[in-house]
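A.B. asks: Listed in order, the protein sequences are those of chains A and B. Residues in the first sequence are numbered from 1 upward in steps of one, following this note's numbering. Residues in the second sequence are numbered from 306 upward in steps of one, following this note's numbering.
Each hint should be verified, as a subset may be incorrect.
What the hints assert, rightly or not - Which residues of chain B face chain A? A few of them, derived with a C-beta cut under 8 Å, are: (1) 315; (2) 542; (3) 545; (4) 546; (5) 555; (6) 561; (7) 599.
To be verified - Think about it this way: if two alpha-carbon atoms lie no more than 25 Å apart in a straight line, the pair counts; the simulated SDA-like pairs of lysine to any residue are: (8) B:586 with B:462; (9) A:181 with B:549; (10) A:205 with A:194; (11) A:181 with A:194; (12) B:586 with B:575; (13) A:205 with B:538; (14) B:586 with B:329; (15) A:181 with B:538; (16) A:205 with A:231.
Simulated from the structure, these hints should not be mistaken for lab results. Even glycine gets a Cβ: it sits at the ideal position worked out from N, Cα and C.
Spelled out, the chains give:
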Amino acid sequence: MTAAPPPDRPTLSVRDLRLAIAGRRTPTPILRGVSLDIAPGEVHGLVGESGAGKTTIGKVILGIQPSQARITGGSVLFDGRDITHLPERERRGLMGRGMGLIPQDPMTSLNPAYRIGAQIADVLRLHLGLDRSAAGSRALELLGDVHIRAPERVLRQYPHELSGGMRQRVLIAVAFACRPKLIVADEPTTALDVTVQRQVLALIKRMQAQEGASILFVTHDLGVVAKICDRVTVLHGGRVLETGDTRRIVEAPGHDYTRALIAATPRHDRPGDLLWPVPEALMARLDAEALAYDAARAPGGREYG
Amino acid sequence: MSWSFLLRRLLLAIPTLFGVAVIVFVLLRVVPGDPIAMLIGPGATEAGIAELRRLYGLDESIALQFVYYLQDLAGGDFGTSISMRQDVMELVLGRLPVTIELCLVAMSMAVLLGVAMALAGSYWRGRTGEAAVDGAAGFILAIPDFLWALLFILFVVVFALDGLPISGRIGHDVAFRGATGFLLVESLLRLRFDAFGSVLLHTVLPAAALALPLAAILARILKASIAEAMTQDYILMARAKGFSRARIVCREALRNALVPTVTLTGVQFTFLVGGTVLVEKIFSYPGIGNMAIDAVINRDLPLIQGLVLTFAVLFIAVNLLVDMSYALLNPRMRHG
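So that you can see chain B by itself, here it is in the shape it has in the complex (with noise of 0.2 Å):
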């Protein structure tokens, strides 16, 4: 893999990024509800009204606005939230980081969780193991991301597992407030075990809901994947070699099923990162996730405005990680 690739990729995320501004735009003076109304209390006078109109730019004409919208974009200026009154980006930067460790954790739960399902149902192609698999496979894949964290909420509350927490990201009682908002790696640097302890185990239900279903996917397509790797001369060469058959799927066969899998669900991880304005709500988990239903709620269009392009940001983020391991996993693609 080569820096010319990912600066070509960096400047393709420009256009992207450039258009979903142009749709938040549009949204945004589409949809119902005059933000002044929301600004302004009720009795205010026709004056103060088009005083704020102009303080907020709002009475210039659409293009004008588009114009000093994008001048504030470019300036990384995303305004004021309407319901908290704090600068959006400094609201955003501040949990931002909350939803890229649940997405990392998630993703690796995923990962491990969906090979080793592909691989279990590969060594035991066609014995009850694999129909095991499948099944398991499909029955996860039926159950959304937001049902699995409702579900693990009502099995924690029903069977009274008090050692897994359902709501926050940290317990009360640890004493331990991060410079920068990524707890999980930021107490380990700082060997704070019981920090790191807890806000694992915080993140354990959130992840695994976000996680069930891609997993399901990954197992699912890595599994095809493999069989289709298992018909392949240089199996039938290892065979000949002498090697066991959890030797050959594991290791002849699994790496070159990777590079199709990654191509087939690399899209299955953007979903993931989308997954988790539900599942961060429902488990109270402070991320932007969360943070965007409240805007909602709140018609906090400055705020909504500046978590959709974060969304977006990170979308192409998981995009270009997607893209570089495939890469890496490739080595026909490493030599150009």
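So here's chain A without its partners, still in its complex pose (with noise of 0.2 Å):
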């Protein structure tokens, strides 16, 4: 082990990301210089409408991007660490390890040919070099962590027998299995039903808090931003428009998007209120503004070939 971390270093911290989709001709830009810091212990929302990058960002932080995206600059410090171009074998070493994944649609994110048990117990067999029993009994700890009733059964069961809601509880207890420092939650309670949704959101920020580990926590509903972040990134386009206490932006937004995206977000203390679109004057300036990025930044494309 290495010295203790001084405390105020981010576990995790994004600076000037870029990243481009390879296409046939051209590649087509994603993230336009994305920077985020998360704290020890913080949670950081990250929101912005579809096509905005944000999943792409917990992509990369990861290391699950699909094979076209080329990270093209920037890099991304875990723990201090740029992890952009570690080797495999060590990269592989951190994922599942160092940083775990809650995914958006838990009804698929399990394989359908294996036992519960079985999934839990082989991230930990793989990483904490567990054998067969001793995973089992950590596996079925998890089980009982996440508050599924029963956690001797589940464990003997297949997918397909479990419920979303029971589904995505057994994927946080998976995230949560070799307590890593960060966690990315990439819209982890979009494809639940309403009810769900609220037990699956404290359950996500009381393992958080048990465990202390780092969410980065990409939404695009900034109801949910408002009750588990402490901090919250705006992202449009792959650029960071704004980033700061969840309490501040919801508060006092400082960019028309912002303000934009809260006038678009229902509230469930005010029912009444009516809904806004986002104005197409400042969409359009928003493009205006990401074209302009990649002009300067790539003149001739040159930068992305």
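Bring the two chains, given one by one in their own frames, into a single complex with the hints.
C.D. replies: Structure representation (structure tokens):
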């Protein structure tokens, strides 16, 4: 073990990250110089509409971006170390061990061919070197932690025998299994129905507090952000529009787009309020800014070539 | 998988077999050539021919003949071989184990080779390895089983590979006469490894000829199924857990790709049974396929009839095996 890190060093620090998807002729820029910091134990919201690049950032951090994606600049520092250019074996040692994933769709994220127990135990055996029985009893413990009733029975069941909420609990158990420092939660409640959403959100918050992990919480739902996140980054077109404390962002947004997003979010406490779509003029302005960024960054598209 | 599933499948086999029996009955009365003329030498008297007709029931009406035919079949009586003057049932049962063992060896080879090719192609997806596997599968598939058999014999002769026998089922120098026809299984159980080795060596080439085309089909379909499985969310999850590509392909994707592959290739396994007819003949392999060709050449109608029905039973058995493996592979089916 190296010396304990200074307490102020962020668990995750994304610096000016640029990424493009290789196309037939020209690459398509997806991330345009994204920077964000997540402190130890912080729950950091990443909001934006679909196509903003939220999920892509999560995937790059986890190392599971699609093979056509090229990181064209910037870095991702995990615990102070740049992980964008690690050798594959070393990178895999971090995946599942130092960082975990809570996926968007629990219905399709468990392997239908294997029992629940095996799918929790495999990551424990891979990273912690536990033997079969030790991994099995730890898996049982984890299922208890995520409040699954009759965990002994669930261990022996197949995914198709569980409900969506149950499956998401199992996946949360998997994410926290190796006590990672960082968890990427990729819209973890979007695919669930409303009553289950609330329970799962509370569970993630409780597990996070108990384990002291940092969370990057990817979502399009500002209501969820207000409930669970300490800080928020607002993303549009692969660019960070603003970052700040959740309370500040929700109560006094600094960017027009954030204000527009808030106006477009239904509020449980004021269900009578009208919802406003994001104004066309604002969208056009943001698109123009993104194109200007590309032009400045890549004269003739060379950077992405 | 439940017993009721098995029982239902077995009951379904009865109408299938009945249909085959009807077709055989009709065909044997439609094809040119008088079976009595085959039996009897030249210079027979009219009275002698009439006597034989009466003996074989050929003087009755077609409807009545059909009823007698079904009665005999139900009683397990397939008649007497014209060319060998022996009970057809005995003849066929004596040779059946040979073909069963050959088919099982060939199927195992096909599955092993097909799965290995599919895994290699999937692992090296988008690289030269994948192109090599695709090319090999296409090449293997372009050549039918009986041509592979002839090519193998050609190779053995040209390169003087004396260690690889190309005819028969067991070496002449090996003194082993099994109590059953299942020489492979029996020699192993009796710890006669010399006999086991000899039979296995004799089986390698015919089994390989039967296995290659099936292996190529399996490889193609399994590879496509793996590619489909690799796009699923649980694969992304496995990557996020930190598993290697080899493990993800071989464990996470393969298991899920097997179910559609078995569904799509199940019928191909029965084609392999049909392939034994020519391949056994080419290698002088003493199974029912070889016997079928001789029976056709000799116009041995009772024997042909018995063999066709036996092949039908084999087809049904293979189909049943495929369905059972399907139920074993898919946890959703296991729970009903």
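A.B. asks: Hints first: check each against the structure and report whether it holds.
C.D. replies: Hints, one by one, checked against the model:
1. 315: violated (28 Å)
2. 542: For residue 542 of chain B, the interface hint holds, since the closest Cβ of chain A sits about 5 Å away, which is under 8 Å.
3. 545: Holds. Min distance 4 Å.
4. 546: Hint holds; residue 546 of chain B Cβ to chain A Cβ min 4 Å, cut 8 Å.
5. 555: violated (12 Å)
6. 561: holds (5 Å)
7. 599: violated (47 Å)
8. B:586 with B:462: Distance ~18 Å between residue 586 of chain B and residue 462 of chain B Cα, so the pair holds.
9. A:181 with B:549: holds (21 Å)
10. A:205 with A:194: It holds: about 17 Å lies between the C-alpha atoms, which stays within 25 Å.
11. A:181 with A:194: Cα-Cα ~29 Å, so violated.
12. B:586 with B:575: holds (18 Å)
13. A:205 with B:538: Given that 25 Å is the threshold and the Cα spacing comes to 24 Å, the pair holds.
14. B:586 with B:329: Satisfied, since the Cα-Cα distance of roughly 22 Å is no more than 25 Å.
15. A:181 with B:538: holds (23 Å)
16. A:205 with A:231: holds (14 Å)
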